[in-house]
Structure formats: C-alpha cells, structure tokens
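FYI, our numbering numbers position 28 of the sequence shown as 1484, with every residue one higher than the one before it.
Note that these hints are calculated values from the structure, not bench results.
Small disclaimer: the values here were computed from a predicted structure and weren't measured.
Check each hint, because a few of them may be wrong.
Per label pair, the in silico range of CB-to-CB distance [said to hold, decoys possible]:
| id | residue 1 | residue 2 | range |
| --- | --- | --- | --- |
| 1 | Gly1556 | Arg1591 | 27 to 37 Å |
| 2 | Lys1629 | Val1521 | 27 to 37 Å |
| 3 | Leu1649 | Asp1584 | 10 to 20 Å |
| 4 | Gln1503 | Thr1569 | 15 to 25 Å |
| 5 | Asn1508 | Glu1531 | 12 to 22 Å |
Below, a list of computed lysine-lysine pairs in the DSSO-like style, where the Cα atoms sit at most 30 Å apart [unchecked claim]:
| id | residue 1 | residue 2 |
| --- | --- | --- |
| 6 | Lys1534 | Lys1548 |
| 7 | Lys1525 | Lys1537 |
| 8 | Lys1537 | Lys1629 |
| 9 | Lys1525 | Lys1629 |
| 10 | Lys1537 | Lys1548 |
| 11 | Lys1512 | Lys1534 |
Even glycine gets a Cβ: it sits at the ideal position worked out from N, Cα and C.
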Amino acid sequence: MHISRALSAILFITPVFVACSSGASQSPQPATFVEPRTSMEPKARGQSRLQNTMMKAHNDARARVGAPKLIWNAELAKDAKSYANTMVRTGKFAHDPQTGRNPRQGENLWVGTRDAYSYVEMVGAWVDERSYFKRGLFPDNSTTGNWGDVGHYTAIIWPTTQRIGCAVSSSGKDDYLVCRYSPAGNIVGRDPLSR
1457 MHISRALSAI
1467 LFITPVFVAC
1477 SSGASQSPQP
1487 ATFVEPRTSM
1497 EPKARGQSRL
1507 QNTMMKAHND
1517 ARARVGAPKL
1527 IWNAELAKDA
1537 KSYANTMVRT
1547 GKFAHDPQTG
1557 RNPRQGENLW
1567 VGTRDAYSYV
1577 EMVGAWVDER
1587 SYFKRGLFPD
1597 NSTTGNWGDV
1607 GHYTAIIWPT
1617 TQRIGCAVSS
1627 SGKDDYLVCR
1637 YSPAGNIVGR
1647 DPLSR
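With these hints in hand, go ahead and build the complete structure from the sequences.
What follows is the structure, encoded as structure tokens:
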C-alpha cells in the first residue's frame, strides 16, 4: 500500500491511480489510498509547471535505471487532455479503451481531491511504486505479486518508450491526471530494464 509523506493530518482525501498495459491481459483495478492533507491552500497549477514537473519526475526515474530520456509530445498531451476531460464529464475513472487507435498509447491515470495535490505529489505516487519493483519479465515485476502495484512505475521507466504528454482536468471536486506514452510499454514477456 502506498502512503504519502505528510507531517500531520488536517483532513483526509482520497487519490486514486491506475496504470495501463498495452500487452497485459487486464488492467489493475483502481486502488483507493487515503492520504493526509496538510494544507487547505490550493496547489499551484499551470501547463508549463505541469510539463516541467512531469518531465523531471519521469526522466529522473528513468535515469536511475539507465533508460533514455523522454521528450514531451504535444499530440500525446492533447490526447491526454481530451481523455481527462472525458473523465470529468462522465465522472468515470477508468482507462481509455482507445477504440480504433493504432498503435495504442500507454497510459497512467491519477485522481484526487481538487487543488489538494501538487503535480510533484501526483507523479510521485507513481514513482514511489519502485519500492515494490523487482527485476523480471513483465508482469512478474512486483514484490507483492500484483503487477498493478508497480504498473505506473514500469510504464514510466519502460526503456523503449520515447515520448510523453500529460494533462490535468478538474471537476467540481476532483483533479484527473492523464499521462500518455509512445511507444507504449508494459509489454507482457519483456524486461522493463532491457531494450
């Protein structure tokens, strides 16, 4: 279970996040994590802040395992924004079926209380899954035995992924973060650390 770092709890909020696999037989079920909120102040937002934060977090995680840097892709960000808007409109937190899309894009999703989390905290929840990561062929990469516990992280570090685009959309109560990856990772039978 993932628990965010916090000094003290003022109020509890619930972020949820799921990872997508282009080749796994099923996506993990969305998990709910109750995390303490230490401030009622809205977190800073903005497209350049989002892009810079996502690029730094992803490329730092990739550098730790020797994977090449990702580059930002405006088309992936546009697709991510479109799907984040869809989740806001429908209120349904689930992976995009990407019907008719070929090739499929990799996808990481996160949802949490509106304005409560910084972009660093959002992506940090995915990167922190490295504590459960073990070397092996995907999907046998989790020390817990559940690939969903590391699926965001493996999507981030997947060595053949080259491009990323992310977006956030907000409903009246929640923020929805979508990151899209190309080429998609999390391919069954492949090693997330080998090209």
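Against the structure, the hints:
no. : hint                          : result
1   : Gly1556 / Arg1591: 27 to 37 Å : holds (35 Å)
2   : Lys1629 / Val1521: 27 to 37 Å : holds (36 Å)
3   : Leu1649 / Asp1584: 10 to 20 Å : holds (18 Å)
4   : Gln1503 / Thr1569: 15 to 25 Å : holds (21 Å)
5   : Asn1508 / Glu1531: 12 to 22 Å : holds (19 Å)
6   : Lys1534 / Lys1548             : holds (19 Å)
7   : Lys1525 / Lys1537             : holds (22 Å)
8   : Lys1537 / Lys1629             : holds (18 Å)
9   : Lys1525 / Lys1629             : violated (34 Å)
10  : Lys1537 / Lys1548             : holds (15 Å)
11  : Lys1512 / Lys1534             : holds (20 Å)
Consistency note: the structure conflicts with earlier hint 9 alone.
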